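Undergrad: If you want the building blocks of each chain, they are given just below.
Protein chains: 2
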Amino acid sequence: MSSQKPSIPKGTRDFLPQQMVKREYIINIIRSVFQKYGFQPLETPAMENLSTLGGKYGDEGDQLMFKVLNSGDYLSKVPDGVSENGSKEFTQHISEKALRYDLTVPLARVVAMYQNDIVFPFRRYQIQPVWRADRPQKGRFREFYQCDVDVVGSESLLVDAELIKIIDEVFSSLKLNDFTIKVNNRKVLSGIAEVVGEKGKEVDICVAIDKLDKVGLDGVNEELSKKDLSADAIQKINEFLNIKEENYLQALEKLIQSSDVGKEGVEELGILIDHVNKMKLTNAKLTVTTTLARGLNYYTGTIFEAVINNASMGSVCGGGRYDNLIGMFGKQEIPAVGFSFGLDRIYEVIDELNLFPDNFESATKLMFANFDEDLLKDLLPMLIKVREAGINAEVYPVAAKLKKQMSYADSKQIPFVALVGSNELESGKLTLKNMTEGSQEELTIDEIIEKIK
Amino acid sequence: MSSQKPSIPKGTRDFLPQQMVKREYIINIIRSVFQKYGFQPLETPAMENLSTLGGKYGDEGDQLMFKVLNSGDYLSKVPDGVSENGSKEFTQHISEKALRYDLTVPLARVVAMYQNDIVFPFRRYQIQPVWRADRPQKGRFREFYQCDVDVVGSESLLVDAELIKIIDEVFSSLKLNDFTIKVNNRKVLSGIAEVVGEKGKEVDICVAIDKLDKVGLDGVNEELSKKDLSADAIQKINEFLNIKEENYLQALEKLIQSSDVGKEGVEELGILIDHVNKMKLTNAKLTVTTTLARGLNYYTGTIFEAVINNASMGSVCGGGRYDNLIGMFGKQEIPAVGFSFGLDRIYEVIDELNLFPDNFESATKLMFANFDEDLLKDLLPMLIKVREAGINAEVYPVAAKLKKQMSYADSKQIPFVALVGSNELESGKLTLKNMTEGSQEELTIDEIIEKIK
Numbered sequence: 001m002s003s004q005k006p007s008i009p010k011g012t013r014d015f016l017p018q019q020m021v022k023r024e025y026i027i028n029i030i031r032s033v034f035q036k037y038g039f040q041p042l043e044t045p046a047m048e049n050l051s052t053l054g055g056k057y058g059d060e061g062d063q064l065m066f067k068v069l070n071s072g073d074y075l076s077k078v079p080d081g082v083s084e085n086g087s088k089e090f091t092q093h094i095s096e097k098a099l100r101y102d103l104t105v106p107l108a109r110v111v112a113m114y115q116n117d118i119v120f121p122f123r124r125y126q127i128q129p130v131w132r133a134d135r136p137q138k139g140r141f142r143e144f145y146q147c148d149v150d151v152v153g154s155e156s157l158l159v160d161a162e163l164i165k166i167i168d169e170v171f172s173s174l175k176l177n178d179f180t181i182k183v184n185n186r187k188v189l190s191g192i193a194e195v196v197g198e199k200g201k202e203v204d205i206c207v208a209i210d211k212l213d214k215v216g217l218d219g220v221n222e223e224l225s226k227k228d229l230s231a232d233a234i235q236k237i238n239e240f241l242n243i244k245e246e247n248y249l250q251a252l253e254k255l256i257q258s259s260d261v262g263k264e265g266v267e268e269l270g271i272l273i274d275h276v277n278k279m280k281l282t283n284a285k286l287t288v289t290t291t292l293a294r295g296l297n298y299y300t301g302t303i304f305e306a307v308i309n310n311a312s313m314g315s316v317c318g319g320g321r322y323d324n325l326i327g328m329f330g331k332q333e334i335p336a337v338g339f340s341f342g343l344d345r346i347y348e349v350i351d352e353l354n355l356f357p358d359n360f361e362s363a364t365k366l367m368f369a370n371f372d373e374d375l376l377k378d379l380l381p382m383l384i385k386v387r388e389a390g391i392n393a394e395v396y397p398v399a400a401k402l403k404k405q406m407s408y409a410d411s412k413q414i415p416f417v418a419l420v421g422s423n424e425l426e427s428g429k430l431t432l433k434n435m436t437e438g439s440q441e442e443l444t445i446d447e448i449i450e451k452i453k
Numbered sequence: 001m002s003s004q005k006p007s008i009p010k011g012t013r014d015f016l017p018q019q020m021v022k023r024e025y026i027i028n029i030i031r032s033v034f035q036k037y038g039f040q041p042l043e044t045p046a047m048e049n050l051s052t053l054g055g056k057y058g059d060e061g062d063q064l065m066f067k068v069l070n071s072g073d074y075l076s077k078v079p080d081g082v083s084e085n086g087s088k089e090f091t092q093h094i095s096e097k098a099l100r101y102d103l104t105v106p107l108a109r110v111v112a113m114y115q116n117d118i119v120f121p122f123r124r125y126q127i128q129p130v131w132r133a134d135r136p137q138k139g140r141f142r143e144f145y146q147c148d149v150d151v152v153g154s155e156s157l158l159v160d161a162e163l164i165k166i167i168d169e170v171f172s173s174l175k176l177n178d179f180t181i182k183v184n185n186r187k188v189l190s191g192i193a194e195v196v197g198e199k200g201k202e203v204d205i206c207v208a209i210d211k212l213d214k215v216g217l218d219g220v221n222e223e224l225s226k227k228d229l230s231a232d233a234i235q236k237i238n239e240f241l242n243i244k245e246e247n248y249l250q251a252l253e254k255l256i257q258s259s260d261v262g263k264e265g266v267e268e269l270g271i272l273i274d275h276v277n278k279m280k281l282t283n284a285k286l287t288v289t290t291t292l293a294r295g296l297n298y299y300t301g302t303i304f305e306a307v308i309n310n311a312s313m314g315s316v317c318g319g320g321r322y323d324n325l326i327g328m329f330g331k332q333e334i335p336a337v338g339f340s341f342g343l344d345r346i347y348e349v350i351d352e353l354n355l356f357p358d359n360f361e362s363a364t365k366l367m368f369a370n371f372d373e374d375l376l377k378d379l380l381p382m383l384i385k386v387r388e389a390g391i392n393a394e395v396y397p398v399a400a401k402l403k404k405q406m407s408y409a410d411s412k413q414i415p416f417v418a419l420v421g422s423n424e425l426e427s428g429k430l431t432l433k434n435m436t437e438g439s440q441e442e443l444t445i446d447e448i449i450e451k452i453k
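Note that the protein sequences, when read in sequence, are chains U and B. Using this note's numbering, count along the first sequence one by one with no gaps and you end on 453. Using this note's numbering, count along the second sequence one by one with no gaps and you end on 453.
Treat the hints as calculated values from the structure; they're not laboratory data. Quantities reported herein were computed from a predicted structural model and do not represent experimental measurements. It is possible that part of the hints are untrue.
The list makes no distinction among identical chains, and a pair is therefore deemed to hold if it is satisfied within one copy or across any two copies.
[Said to hold, decoys possible] Below, in silico cross-link-like pairs of lysine-lysine (DSS-like), each with a Cα-Cα straight-line distance of 30 Å or less:
no., residue 1, residue 2
1, LYS175, LYS453
2, LYS453, LYS385
3, LYS331, LYS403
4, LYS377, LYS263
5, LYS385, LYS433
6, LYS377, LYS201
7, LYS5, LYS138
8, LYS182, LYS88
9, LYS453, LYS377
10, LYS278, LYS401
11, LYS429, LYS280
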């Protein structure tokens, strides 16, 4: 029993009730929209075998995984001399498991393991924490939730369109009504590389283009020339970035027509937009733009992300089609498309814009003050009645000073307090105090239920 | 990209949608009851510092914790020669964190860290996984959810009574209507040890008594004599175990009257039962019994657990008052009482008794078959309308063979399928197929919404 001041690991967080009710408010909306669109939940273990995770996220990812020490007398199983070869090799002998790094590799593993139990197209969502040993900094954590939604096993662009409609519905439900969904297609980016005569430099081009918002056109051009792109290629890329025409897709098609893959990308974008239009977006502004690149490595078709326009935050969700990734554990490739909501970023934005509700359904709505424990025999049946009506309610557990009880209700932001003394019990009218307005009135228990329900 | 058959760590589980909807059905009921009683959510990190967890669960617990390897070149920080002293000492140099082992020690840490932010009495619930490197066996896992609910900072037995009412309400809501809640008080057990002249042997007595259900009275007596209790003491203990009187508490008080702590325990049980009676249990049978002991180490007052009478499973939830534990990280002791639902056990019982609902609110209720992608422009607005009515719905993403689409709906247990061909669009009447009954009828989209909502 140490009396040392306790702490938690760097980059991790506790969520006290006042944060939790807000996080759950967001998660509940996301989850209910996922379900409304026919998606079903999946959960996977926090720990995965290193044979599953290793080599999937590049060298950096391998380094940033939290590895779990083998149980028991693990040291006795390490061959002699291994410790001289450094930590990296040593780890392979004392650890077989790591905490999951994202929700996509576990999805791919699940698809491979349960092919015969899963109904394809597999519409699944997964809302669970992931862990990365990143250097902690503002807004970046070592444990954070991802809210992923994916469709595995369908090439139909209707599915891509539905995901965009989901973003529209989630943000609208969260009252974030001013947002833009940017859309592009990985094949368009390949097409651009082909058209400008720099095939094979897709990654360099994408990395540079992706920074347009941050560094401006000059910055992009500087980066492109550093990557040894010809002046001619850079100028042609600028033509793409400068498309201003009303009919963006038509202009894009014209510029990209010498590339087959590029034309295919433009065509896919056309079909996608067509599907999205049939579904009528509520608030989203949809923008097709070649300036969206996203982390290139595994996307193969549609890519998209969303930005809340009136908030000081980058993208709050993003994803795309990745037709070669899910099959990594199996023998055949399986098409897939999906995206992830950034819970922490969405929380920040809602907080910044002051859009959290004043009261949360999950919070206590009514507290009975406790004046005298002898009155409990009359008070408790009322408490039960209120709860049976579906109202979250509690009684202060002891007959403490009223000031203390009111201060408890106040700190817990309970909006109503019922005062029940012997007079009130005799008359059948309780005093209901409205904690927000400071007002009070005399009501029967049934009237109280009716009023605050 | 290995093509090796993927697997998950021993003792961990994936939860595919068909299990997830059932788990969430249980969790949602538990959570909503917690909230109805004024409890608020808390979440803590999966990893805790070893300085927080170490020494809290005994030697065995320390061994069964999953320890997380330090990041970076951890090996360079290990002093020379340490590896010769074995794994246990070595671990202290390469690991500072472990996965949480339960939700109680994190609660105690949270109370110590945020004393000034927390409103006491702190009514919190926490539903999160914990990890233990136990030998995996039937019904025992290395990763499993705990659903904890505790009140920290109140000595009032009204709180203990409310927890018992919560058990009553949760199991009743889950339609598990035949269950018994056994109640005892740790002070009664101390009193028994005192009365039978074996003060100091509380633990031995409790461990033996706790086995009564399994080994019978002879078995208990055998165990007691192995622990060197006198024949006289054992005979007196048997008197306690044999109380058959209608008025159990009165009989118990008579037997225990020479022990002050024992009398206090009986008095507390009396007050507790009195409070519970005022709250009117719906289905629970409440039984006071000295034969309930529970893991003795940290309970100080009320103890209780629940058993589903018509199921082949031990206790499915249990807890009690532990007034000396929460203060472990601070300077003062803080009273607390709480309990934990065993999610896996409850799942098993509901499954065994066939009490899961046929349809889950979270599942897809309606699928639109896809006959022709040209019809999507008329079909998608209908899909949107159904979703806006709050009905979970989806459209099959491509115009595949109808048999394939129906087989998808069937495997996903979607209860209704809407068939929309060009004839249907012209007449405005869709064909709604009831997948459970095999029947079908012609309805407008509004009639469909009305029908299946």
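Undergrad: List in ascending order the numbers of the hints, as given earlier, that are violated by the structure.
TA: 6, 8
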